[in-house]
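Protein chains in written order, with our numbering: chain A, 3 to 331; chain B, 50 to 217; chain C, 584 to 1281.
Source of the hints: derived by calculation from the structure; they are not laboratory data. No experiment lies behind these values; they were computed from the predicted model shown. Possibly wrong hints are sitting among the right ones.
Here chain B is said to cover these stretches of chain A; the calculated rule only asks that three of the stretch's residues, wherever they fall, bring their Cβ under 8 Å from a Cβ of chain B [unchecked claim]:
id	region
1	46-54
2	101-109
Partial list, derived from the structure: chain B residues whose beta carbon lies under 8 Å from chain A [what the hints assert, rightly or not]:
id	residue
3	R68
4	L70
5	R74
6	H96
7	R109
8	L115
9	A119
A few chain A positions that, by computed beta-carbon distances, are all more than 10 Å from chain C [as the list claims (entries may be wrong)]:
id	residue
10	Q86
11	G144
12	R226
13	A239
14	P284
15	D286
The C-beta atom is built at its ideal place from N, Cα and C for all residues, glycine as well.
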Amino acid sequence: MREFAYEAVTDPEGAVALVAADPDACFLAGGTNLVDHLKLGVASPRRVVDVSRLPLASIVAGDDGVRIGANARNSDVALHPRVQADLTVLSRALLAGASPQIRNQATTAGNLLQRTRCVYFQDVTTACNKRAPGSGCSAREGYGHHNAVLGGSESCVAVYPGDMAVALTALDATVVVLGPDGERRVPVEELHRLPGDRPDRDTTLAHGELIVGVEVPWLPDGSRSAYHKVRDRAAFAFALASVAGVLRLDGGAVTELRLAWGGVAHKPWRARQAEEALIGRPLDEASVHAAVDLELAAAAAGPANAYKLALLRNVTWLVLRDLAGEGAR
Amino acid sequence: MGARLQIEIGLTVDGAERRLLVDTRSTLLDALRDRLGVTSPKKGCDHGQCGSCTVLLDGRRHLTCLTLAAAADGREVVTAAGIGPDHGRGGLHPVQQAFLRHDALQCGYCTPGQVCSAVGMLAEAAAEEVTLDDAEIRERMSGNLCRCGAYVNILAALRDVARSEGTG
Amino acid sequence: MSSVGSPLLRVDGQQKVTGEATYTMDHHTADPLHGWLVQSTVAKGRVTAVHADRALEHGGVVSVIDHTNAPRLADTDDLELAVLQGDRVRFRGQVVACVLAETPEAARHGAELVRVEYDEEAADVAFREAAATLRPDELDPDNDADTMQGDVEAALADAAHVVDQTYRTPFEHNNPMEPHATLAHWHGDPDSDEGHVLTVCTSTQSVHGVAASLARILGIDAGKIRVVASYVGGGFGSKGLPHCHDAVAVLAARTTGGRPVKLAVTRQQMFALTGYRTATIQRVRLGADQDGRLTAIDHRSLEQTSTSKQFVEESALVTRSMYAAGSRRTSHRVALLDVAVPSWMRAPGEMPGAYALESAMDELAVVLGIDPVELRIRNDTQTDPESGKPFSSRRLVECLRLGAERFGWSRRDARPGASRDGDWLVGLGMAAASYPANVFPGNRATVRALEPGRFVVEIGAVDIGTGAWTVLGQIAAAALGAEPDDVEMRIGDTSYPKASVAGGSSGTASWGTAITSAVAAFRKEHGDDPHPGDETTADAERSSDLEHYATHSYGAHFVEARVHRLTGEVRVPRMLGVFSAGRVVNPVTARSQFIGAMTMGLSAALLEESWRDPRYGHVVTQDLATYHVAAHADVRDLEAVWLDEDDFRVTPMGARGIGEIGIVGSPAAVANAVHHATGIRIRDLPITPDKLLARFDG
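Excised from the complex, chain A in its bound form (with noise of 0.2 Å):
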């Protein structure tokens, strides 16, 4: 681990600041992903700016929904009464992911720039073009278990990792941004991006720019949410691939319906035609199974990472059936 300069920092302009101007600068927060990477040596940096005691940690009710601090630690967003409440998918997805220690510590902003879990992109010794661009990808002929099977490149097919960025993606939430020129807001699902031939950036934020809070709008009425995890280990494990869903039926014929999966590509994946196929029609298996084939018709799968198409479909499905409310537990 390289030396650095710890900062702690008071107020939120300042720490842009402070970043925007220092290449081998960045922020820490709950430290649940970068002391990781301190360590493993994925990152150097020669400054570290600590934003955890900024005062961004409210989680605030209102009309149109709820505002999340950067700062909220994922346990007190997942417990949150309106939360819990009434954004069931958001509450869900975050006590499916890490441990209760874990979630104690990390932030919102945090588990959002998570980086991916790709055994190559931690291990220093091997080539990673995320970690070392231009050094080539482990992963595509090597450990496959978790590769992307939507969105990868030649260069990279990792998948990110997080639970609450798909639950947020089928929310249609807001990342609100600070950055050396003020603030902007970012819809969640462009905030991560596809890798293409630059799998070094996990995200289109700028060097510098912080995410100050989260705005995630409450369901149209009517409309009922949840998120579903498949992993092999019964807690305590990233996702082989989940389901975020968000469904409204009227007469029995689907009218709102959002999907988002996770653990499948290089960013949540919005399954915006599977959606589309669905919309206005009655639910069930064949045509969620003929809707999701229609959204993985672009997938690349392997040996080793089929496994996962069979799940998007299957998990999509049991989270629909459950939503709709038709099915054994």
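Fit chains B and C to the supplied structure of chain A, relying on the hints for placement.
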């Protein structure tokens, strides 16, 4: 660069005020163990994947291996050594007593972390007004790995404590 | 009155629940230097240069030790321990340098700054069936690689029913919660006449074993080395033998002018440096008559080992004594690869071997339409099939019957896939288990009288979580006719008499025998009314019956598995183990060991796999987030019970070992339950959702 590569911090550890100079790279775990000689929290993986280093930080269960010591300035740490009455000088915490009764440990290396995590869990459940049934306890303790496989006995111990506290 | 058999609570419990028990890295030592290992990034070749300049410029770094400047070892035959003695790289991750620094932070960064150049050679790191052709000289230890009785091929050809399947088990890592660590301190000249010149605190299952190994490689008398391991955070075999970090720490501490060296192996480094269980490919052929009686058993195991050290997993060993059959054959073949050194992992051999054998038995039961419990009962034997010896005690059938009764086995519908609960397919499976009752030679103990009625008992045993502190005190108290509180046990230090390894489920039996012998000798020498300070040291008196009987523990596992029909997730709501392990000295700690091993078996069945990248040569799932071991949520209603019995042919306490039997057979029981739930037979561990999803219809 004029950077501060060392930083002075203050911590309250098991009731005692401590001041120390730390390398900015030091984790809270290493600062506790190597600088202060507080070896109750253990290093099992150093990457937040096992829970052996769990303490209560300002009352909440927390992984010290993923916390920079510098970022913990001014905070209160309670380890398994000081979790009992009177910062551990007054005997064992009910969770620790239950661990002994149910043989909820073998090698003991993960145990201080399990104990701190369990105490944190009980407080969380009380705050949430949640009943800790077996499934809840298992899920909520899953951040603490035990390779000896004492889970069954840890569950029995925590079921006992939860019932006596009225949260189970 | 006897303290043996009583449910005494763990005497070291209080130190453990507070965290005050001192594991290796918890020892305070004045003015230490911190070591950090530098590992090779090639799998085979030669180190051509170690550039230490940038590391040495870093504040706090004191020195960088590599093969050019490390002190020389006297004996380099053991290539795993012969660290930094030459430029040869034999596997990826091998130690090529060690940085010493004033702080752990500086040492870690120093290690990052060391640049090593290699002359890389093509390495052979992939375990392929075709390459496993070498017949090992012997297994670990004293067992032949191959055995054969009768004419297996003819018997198979004549059999009414044959099962012929191949089972695969993955690389697995022990992953005790306490990473390996060593604190080494030279405080004298090895050529001098003073006592200890080297003190080593290390996380080991055998203090005397470490002392002997270090003495050999250093070329000094073992009596000059003191090895201490008061508390050890699990081992599961990986701390049974010293590994390279012990040698590095001792060598590094030789260069510091007397300052101690603290060296911790990181979790990631453990995947290359502290042993693992090899993957296996096992073909099992069973031939049976119409009634399900086995006429032929053929069990052939293909494995790999390292060019540095040839440890062979004795996977077919369990088959040699499990069931009767007139014609039988077992064999082991290995591939020698340029890979990390494999070693012991809980029930080495029996664990993967019983998975294969007991899966095949389940397949045979399906083919025959015979209940799997009944099939095993029909093939029980009261004579060890290969040696022809009688068993000291063999009560497998009682384990099977008791387990079936307690588990509600009779309510099981034999048809696979018949039971469903919502999206969950529910199945029941079982498997049998056996593990040798080892009593190792080379144990002695000291008994010393304190004030009247109080005693000290010393033996260089180690408690790795088994409960040895507690159980040995009970054995000593029973032998002395004292209360456990009146016996002060001293273990975990080579200052105490020689003891064998805490491994092979041998500890209680081997050390307990020595203590019993020492007490008898003490009474003979000092009578029933000894003076304070009277003491006797005596060797264990080995039971002569051990030569005349086959000695094993037995078990029967019963598992309920639920498989989600949409996700392929497997959950195990119920697991029962019934064991026959001789007299249980302490039911509290014994139960913990049984259920702990069953938990590890469940973990192996569903989760554990180390994935070695064939291009690089090292395991890339090298942490606890990517190498999954069971968490709380995976372990539900899991229970162990045992037969009330004793086996005085094995030990004077009537006890046999218990540490490993729980992991033998339990993975097969899970696999068999998954088959019963789904009709899908998974023949390669672990049983993960991807494998089941690939086999689901549609």
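A quick look at each hint next to the structure:
1. 46-54: holds (count 5)
2. 101-109: holds (count 6)
3. R68: At about 17 Å, which exceeds the 8 Å cut-off, the nearest Cβ of chain A leaves the hint on R68(B) violated.
4. L70: Result: violated, 13 Å to nearest chain A Cβ.
5. R74: Because about 5 Å separates R74(B) from the closest Cβ in chain A, which is inside the 8 Å limit, the hint holds.
6. H96: Constraint on H96(B) satisfied, holds at 5 Å.
7. R109: holds, 5 Å
8. L115: Cβ of L115(B) sits 5 Å from chain A, so the hint holds.
9. A119: Since the shortest Cβ distance to chain A is 5 Å, the answer is holds.
10. Q86: For Q86(A), whose nearest Cβ neighbour in chain C is about 21 Å away, the distance exceeds 10 Å, so it holds.
11. G144: violated, 5 Å
12. R226: holds, 19 Å
13. A239: Violated: least Cβ distance 6 Å, not greater than 10 Å.
14. P284: holds, 20 Å
15. D286: Holds, because the least Cβ-Cβ distance between D286(A) and chain C comes to about 15 Å, which exceeds 10 Å.
Checked against the numbered hints above, the structure breaks hints 3, 4, 11, 13 and satisfies the rest.
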